[in-house]
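Novice: Chain by chain, the residues run as shown.
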Amino acid sequence: MIRSELIQKIADENPHLYQRDVERIVNTIFEEITDAMSRGDRVELRGFGAFSVKKRDARVGRNPRTGEAVQVEEKHVPFFKTGKLLRDRLNGKA
Amino acid sequence: MSDKTLTRMDLSEAVFREVGLSRNDSAQLVESVLQHMSDALVRGEQVKISSFGTFSIREKAARVGRNPKTGEEVPINPRRVLTFRPSHLMKERVAEGNKR
Numbered sequence: 001m002i003r004s005e006l007i008q009k010i011a012d013e014n015p016h017l018y019q020r021d022v023e024r025i026v027n028t029i030f031e032e033i034t035d036a037m038s039r040g041d042r043v044e045l046r047g048f049g050a051f052s053v054k055k056r057d058a059r060v061g062r063n064p065r066t067g068e069a070v071q072v073e074e075k076h077v078p079f080f081k082t083g084k085l086l087r088d089r090l091n092g093k094a
Numbered sequence: 001m002s003d004k005t006l007t008r009m010d011l012s013e014a015v016f017r018e019v020g021l022s023r024n025d026s027a028q029l030v031e032s033v034l035q036h037m038s039d040a041l042v043r044g045e046q047v048k049i050s051s052f053g054t055f056s057i058r059e060k061a062a063r064v065g066r067n068p069k070t071g072e073e074v075p076i077n078p079r080r081v082l083t084f085r086p087s088h089l090m091k092e093r094v095a096e097g098n099k100r
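In order, the protein sequence lines correspond to chains P and R.
Residue numbers for the first sequence follow UniProt numbering, so the first one is 1 and each next one is one higher.
Residue numbers for the second sequence follow UniProt numbering, so the first one is 1 and each next one is one higher.
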């Protein structure tokens, strides 16, 4: 399923809404999650999962082609942990 | 970093502000989005949200695990797990926003 198919499903269920509003709604949801993480916040959606930010420490990496050592700076990466209900549903338990 | 936790309520508040539906309808729409995504994943489909990221299902084989406390061997059944791969855009925005 891709973004446009998700929008279509929501639009089909809500015939009273304009398609462009459904688009804005779906986009707002994902935008809000990314915004939160870029501020370092967590987004916890019970039953679905939680988005959080993990810190990766600075390290000395290596250029795989030349073998040269390069300093890699500390960085923050997005992380998702599946919620219990969804994990159970994936395995036919709920 | 503000270390806050957002919930469904914050997402529906954002929808409410953006589109001007009632708070109730906004909450319902957030729920529908999560529900459709979950259903697709349970059917084994990949969910690919451009410029956000991709949720995919991986099949894990059965293996013998160990209770770390007792050292006892326990069989771990084959199972399906969900992985999320953030888009480049999300990775960039999260890296930029949390830089100090």
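Just so you know, the hints here were simulated from the structure itself, not pulled from any lab data.
Quick caveat, the model's predicted, so the values are computed rather than measured.
Where is the CB? At the ideal position from N, CA and C, for every residue including glycine.
Hints may contain errors.
Said to hold, decoys possible - Reference listing, derived: stretches of chain R covered by chain P, where coverage requires no fewer than 3 residues with Cβ under 8 angstroms from a Cβ of chain P:
{"id": "1", "segment": "6–20"}
{"id": "2", "segment": "28–36"}
{"id": "3", "segment": "56–70"}
Novice: For every hint, state whether the structure bears it out.
Specialist: Status of each hint after checking the structure:
Chain P is given as covering the segment 6–20 of chain R, and this holds because 9 residues of the stretch bring a CB closer than 8 angstroms to a CB of that chain, at least three being needed. Counting residues of the segment 28–36 of chain R whose C-beta sits closer than 8 angstroms to any C-beta of chain P gives 6, which meets the bar of three, so the coverage hint holds. Figure legend: the segment 56–70 of chain R, annotated as covered by chain P; annotation inconsistent (1 residues with Cβ-Cβ distances under 8 angstroms, at least 3 required).
When the structure is compared with the earlier hints, a violation turns up for hint 3 alone.
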